[in-house]
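J.: Once you have looked at the hints, place chain B on chain A.
These protein sequences, in sequence, are chains A and B. Read left to right, the first sequence gives residues 1 to 463 (the numbering used here). Read left to right, the second sequence gives residues 1 to 463 (the numbering used here).
Just so you know, the hints here were simulated from the structure itself, not pulled from any lab data. Check the hints yourself; a few may be wrong.
Where chains are identical, the list cannot tell them apart; a pair therefore holds if satisfied intra-copy or between any two copies.
[Stated by the list, open to error] Straight-line C-alpha distance at most 25 Å; calculated DSS-like pairs for lysine-lysine: (1) K213 to K295; (2) K157 to K125; (3) K445 to K58; (4) K213 to K157; (5) K97 to K411; (6) K430 to K355; (7) K157 to K245; (8) K411 to K213; (9) K233 to K157; (10) K58 to K430; (11) K55 to K430; (12) K245 to K302; (13) K97 to K58; (14) K295 to K125; (15) K125 to K245; (16) K245 to K301.
Number of protein chains: 2
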Amino acid sequence: MTTDALTKEFQAIVGNENVMVSEADRQSYSYDAAVLEPVVPALVLRPETTEALGKCVKLCNDNDRPLTVRGAGTNLSGGTIPDPRGGVVILTNSLNKILEINEQDLYAVVQPGVVTATFAAEVAKRGLFYPPDPGSQAVSTLGGNVAENAGGLRGLKYGVTKDYVMGVDFFDVDGGLVKSGSRTVKCVTGYNLGGLMIASEGTLGVFAEITLKLVPPPAAQKAMMAIYDNVDKASESVAAIIANKIVPCTLEFLDNATIRYVEDFCKAGLPTDAQAVLLIEVDGHPVQVEEDAAKVVELCKKVGASEVKMAEDAAQRDALWTARRAALPALARARPTTVLEDATVPRSKIPAMIKAINEIAAKYKLDIGTFGHAGDGNLHPTIMCDRRDKEEFHRVEAAVDEIFDVAISLKGTLSGEHGIGLAKSKWMEKETSRATIEYSRRMKKSIDPKSILNPGKIIAGRG
Amino acid sequence: MTTDALTKEFQAIVGNENVMVSEADRQSYSYDAAVLEPVVPALVLRPETTEALGKCVKLCNDNDRPLTVRGAGTNLSGGTIPDPRGGVVILTNSLNKILEINEQDLYAVVQPGVVTATFAAEVAKRGLFYPPDPGSQAVSTLGGNVAENAGGLRGLKYGVTKDYVMGVDFFDVDGGLVKSGSRTVKCVTGYNLGGLMIASEGTLGVFAEITLKLVPPPAAQKAMMAIYDNVDKASESVAAIIANKIVPCTLEFLDNATIRYVEDFCKAGLPTDAQAVLLIEVDGHPVQVEEDAAKVVELCKKVGASEVKMAEDAAQRDALWTARRAALPALARARPTTVLEDATVPRSKIPAMIKAINEIAAKYKLDIGTFGHAGDGNLHPTIMCDRRDKEEFHRVEAAVDEIFDVAISLKGTLSGEHGIGLAKSKWMEKETSRATIEYSRRMKKSIDPKSILNPGKIIAGRG
Numbered sequence: 001m002t003t004d005a006l007t008k009e010f011q012a013i014v015g016n017e018n019v020m021v022s023e024a025d026r027q028s029y030s031y032d033a034a035v036l037e038p039v040v041p042a043l044v045l046r047p048e049t050t051e052a053l054g055k056c057v058k059l060c061n062d063n064d065r066p067l068t069v070r071g072a073g074t075n076l077s078g079g080t081i082p083d084p085r086g087g088v089v090i091l092t093n094s095l096n097k098i099l100e101i102n103e104q105d106l107y108a109v110v111q112p113g114v115v116t117a118t119f120a121a122e123v124a125k126r127g128l129f130y131p132p133d134p135g136s137q138a139v140s141t142l143g144g145n146v147a148e149n150a151g152g153l154r155g156l157k158y159g160v161t162k163d164y165v166m167g168v169d170f171f172d173v174d175g176g177l178v179k180s181g182s183r184t185v186k187c188v189t190g191y192n193l194g195g196l197m198i199a200s201e202g203t204l205g206v207f208a209e210i211t212l213k214l215v216p217p218p219a220a221q222k223a224m225m226a227i228y229d230n231v232d233k234a235s236e237s238v239a240a241i242i243a244n245k246i247v248p249c250t251l252e253f254l255d256n257a258t259i260r261y262v263e264d265f266c267k268a269g270l271p272t273d274a275q276a277v278l279l280i281e282v283d284g285h286p287v288q289v290e291e292d293a294a295k296v297v298e299l300c301k302k303v304g305a306s307e308v309k310m311a312e313d314a315a316q317r318d319a320l321w322t323a324r325r326a327a328l329p330a331l332a333r334a335r336p337t338t339v340l341e342d343a344t345v346p347r348s349k350i351p352a353m354i355k356a357i358n359e360i361a362a363k364y365k366l367d368i369g370t371f372g373h374a375g376d377g378n379l380h381p382t383i384m385c386d387r388r389d390k391e392e393f394h395r396v397e398a399a400v401d402e403i404f405d406v407a408i409s410l411k412g413t414l415s416g417e418h419g420i421g422l423a424k425s426k427w428m429e430k431e432t433s434r435a436t437i438e439y440s441r442r443m444k445k446s447i448d449p450k451s452i453l454n455p456g457k458i459i460a461g462r463g
Numbered sequence: 001m002t003t004d005a006l007t008k009e010f011q012a013i014v015g016n017e018n019v020m021v022s023e024a025d026r027q028s029y030s031y032d033a034a035v036l037e038p039v040v041p042a043l044v045l046r047p048e049t050t051e052a053l054g055k056c057v058k059l060c061n062d063n064d065r066p067l068t069v070r071g072a073g074t075n076l077s078g079g080t081i082p083d084p085r086g087g088v089v090i091l092t093n094s095l096n097k098i099l100e101i102n103e104q105d106l107y108a109v110v111q112p113g114v115v116t117a118t119f120a121a122e123v124a125k126r127g128l129f130y131p132p133d134p135g136s137q138a139v140s141t142l143g144g145n146v147a148e149n150a151g152g153l154r155g156l157k158y159g160v161t162k163d164y165v166m167g168v169d170f171f172d173v174d175g176g177l178v179k180s181g182s183r184t185v186k187c188v189t190g191y192n193l194g195g196l197m198i199a200s201e202g203t204l205g206v207f208a209e210i211t212l213k214l215v216p217p218p219a220a221q222k223a224m225m226a227i228y229d230n231v232d233k234a235s236e237s238v239a240a241i242i243a244n245k246i247v248p249c250t251l252e253f254l255d256n257a258t259i260r261y262v263e264d265f266c267k268a269g270l271p272t273d274a275q276a277v278l279l280i281e282v283d284g285h286p287v288q289v290e291e292d293a294a295k296v297v298e299l300c301k302k303v304g305a306s307e308v309k310m311a312e313d314a315a316q317r318d319a320l321w322t323a324r325r326a327a328l329p330a331l332a333r334a335r336p337t338t339v340l341e342d343a344t345v346p347r348s349k350i351p352a353m354i355k356a357i358n359e360i361a362a363k364y365k366l367d368i369g370t371f372g373h374a375g376d377g378n379l380h381p382t383i384m385c386d387r388r389d390k391e392e393f394h395r396v397e398a399a400v401d402e403i404f405d406v407a408i409s410l411k412g413t414l415s416g417e418h419g420i421g422l423a424k425s426k427w428m429e430k431e432t433s434r435a436t437i438e439y440s441r442r443m444k445k446s447i448d449p450k451s452i453l454n455p456g457k458i459i460a461g462r463g
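Isolated chain A, as found in the complex:
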């Protein structure tokens, strides 16, 4: 069917106003937050009901049209870049209903297009807590969070999106509704298909409804900043805190470059002459929080922090986290292109990883700011560059290659929380195995024989 004829069919399903065909509209959905070539989709759809969503999927499959579901497009690995073969983008932003928040049974049921921060706020109003807090939470959607298994600042204590998914109902490529998981804490009825959907980047099904676990919020929290004149001492502090059986909810690292860019960007009061800072928050019962905070201060000083500043009130605490959240935008405005990586290592390997990143930066004469979730071993080396400068970008690519090699040699992983998408599929086999790729491809092929569901992502690679 021609795109024009197909347009009419889609209009009948979602309404004329929800089929976008103009060049300008389609351009808007040609890229995401990854540094990759844009691909303009043939059509953009915005279904307003779950039923319409299922019909759109079926119509795409019936007409051999690759489809890419898009939440807020904040993903960093090209997972929402449409397929060049007349790809269709399906937006979830009208599927944004919180269907249920169950206070007795501690779960919520949502449509995929609900914005993460909106959901967390609604949950908080009921006196409950949804911990996952990816950097893009203000605009990212829960469907996108599940499709990417989004992480965030609270991963160390509270885990990531995966740890909150109780069930996923999703459309198979033919529009059949597949149900997995339950509203119960325990469920082993059938394959863990909800688990399989997590981090599957839209390649195995289209989410209709997601059931998420909620928890009671911590009664108290306390944040602090430890300042170091030596990077190793900062990373040793991380190890010391964990070894002492303290699990902070957040344990973040900023190197000197990041500190300076953040200060320049938003005057957050960070010490620009420090080689590194750790931003730490402990939470829980008030007595435990006091004890843990005191212990963290003691440990950081013992390992060699020059100073540990305690946030004395909510305003000071907010200031610390605003500074941390400013890291990426601050680095991003330094140069035209920002390559943000998320190679991740077991947390005791952070000193080795930071050392390697600095050596790689020197070797390739690149400006790299490193910050991230030190407590998870999930660092974000951020390369400030200009993609139009081919010679420089070759060096960037070589540096990224080496960063991955080091992470894997330290028993870490290519991607802690950003996903594989288009950007990293060529490295997949290096970390896993040929058998892993083939197993994944066989599975994908059986579920999506015509390669309609967000093709090219994760396992496309080098054939």
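T.: Showing chain B alone in chain A's frame:
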């Protein structure tokens, strides 16, 4: 290849002493803890190395021999009953090495045949904690726990096996090693195949190595027993505790029948005239534990507990949990056959579920003792019967059918923690959908085209 010829090939891989061919040996592996017809395997293998395990899998596939991997055979849904078409059983009990316990990075790497309790004890020696504690933990294996997504008593606060699986390396049906997950807290490299292995009952791969998350142990705990002269008040207490944002690590329910059988079995000091008891443990920081315990006592009394007895020391605490763990053996010795179900509902639906179970028991004139993980909504209605009495067993089957119908109508699930196996696959579609079964079958077929990996489990059903 004939079984004799194949025997020689297997002997070359695992050694003569690890290939069992005698009738008596094979009989021992013809059944598991489910109430189902035994099936005698053609051969039983006990590989001693991961490499040999992989070769056994490949040899089975090359010779069209269905294989069933068996840990301790404690599963309750027929997941380890071999295939009647000359099935091979592969034992994991010689693959029982704890390869690493990493205290800095809070993970462990194990072979699949490590016994759960042995592992938990080794972890405890290092001052760490592995929370999942299925009822069979004294003999069950970690590989079996992952294959079944085993639950246990601590699910309410600490989750189930699923929540501790960081990675699984497994053999595909052709003996290729598939790697999924990582030693890092965060990992999104490729499909969540480790997640897919969870609860897959040996039908999608054969586990080689499992990476498990560890946590710091709670500093203190306190156990208590709340006694009720009315079942509804017990289940209302569960709701009241959760609604007050207290998350006990354990919150167990025993009905009057269970209490009487347990007392008769082991003189645990349970009140035989009570209609129900709740056994509750809170853990965490000592101050929090004191506060939570006091609050739980207050709530239980307010709702209508006639008495709440606090365990004053470790011996009294152990006695409570010994009594709880005696529930199944106590009920099991009452009659020749014990049908132990695990239909699970959102926890606020426990009063409705208990009421329905009692009505079903009366309707079918059956003796049903109900106990279980009330905090999870995961009850174990246990039907005491005699399978040889066909008339009675028809009533048992009708009762089980109705129990599942009620659980599903209450937005619950067929199985909270026992798995689908052979026993429940015919009910799968009732809870999920036709599309779910077909999606699962397509996936299974692509991964295991000749149906070698534990065939007939989960999705065999009614075609």
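J.: Next step is simple, just say for each hint if it's right about the structure.
T.: Here is what the structure says about each hint:
In this assembly of identical chains, K213 and K295 lie within 25 Å of each other by CA distance solely across copies; the values are 24 Å between and 31 Å within a copy. Proximity of K157 to K125 under the C-alpha cut-off of 25 Å is found in both arrangements, the shortest distances being 22 Å within a copy and 22 Å between copies. Taking the closest pair of Cα atoms, K445 and K58 come within 25 Å of each other both inside a single copy (17 Å) and across two copies (23 Å). Taking the shortest Cα distances, K213 and K157 sit within 25 Å of each other both inside one copy (15 Å) and across copies (12 Å).
In this assembly of identical chains, the alpha carbons of K97 and K411 lie at most 25 Å apart only when taken from different copies (20 Å versus 41 Å within one copy). Proximity of K430 to K355 under the C-alpha cut-off of 25 Å is restricted to the intra-copy arrangement: shortest distance 22 Å within a copy versus 56 Å between copies. Both within a single protomer and between protomers do K157 and K245 lie at most 25 Å apart by alpha-carbon distance, with minima of 11 Å and 18 Å respectively. Taking CA atoms no more than 25 Å apart as the test, K411 paired with K213 passes between copies only; the shortest distance there is 15 Å, against 30 Å inside one copy.
Taking the shortest alpha-carbon separations for K233 and K157, only the intra-copy value of 22 Å comes in at or below 25 Å, while the best inter-copy value is 35 Å. For the identical chains of this complex, K58 and K430 are inter-copy neighbours only, at 24 Å across copies versus 35 Å inside a copy, given an alpha-carbon limit of 25 Å. Only between protomers do K55 and K430 lie at most 25 Å apart by alpha-carbon distance; the minimum there is 23 Å, versus 39 Å within a single protomer. In this assembly of identical chains, K245 and K302 lie within 25 Å of each other by CA distance solely inside one copy; the values are 16 Å within and 37 Å between copies.
For the homomeric pair K97 and K58, the shortest alpha-carbon distance inside one copy (23 Å) is at most 25 Å, but the shortest distance between copies (49 Å) is not. Taking the shortest Cα distances, K295 and K125 sit within 25 Å of each other only across copies (23 Å), while inside one copy they are farther apart (32 Å). In the homo-oligomer, the alpha carbons of K125 and K245 lie at most 25 Å apart only across protomers (14 Å), although the nearest pairing inside one protomer, at 32 Å, exceeds that limit. Taking the shortest Cα distances, K245 and K301 sit within 25 Å of each other inside one copy (17 Å), while across copies they are farther apart (36 Å).
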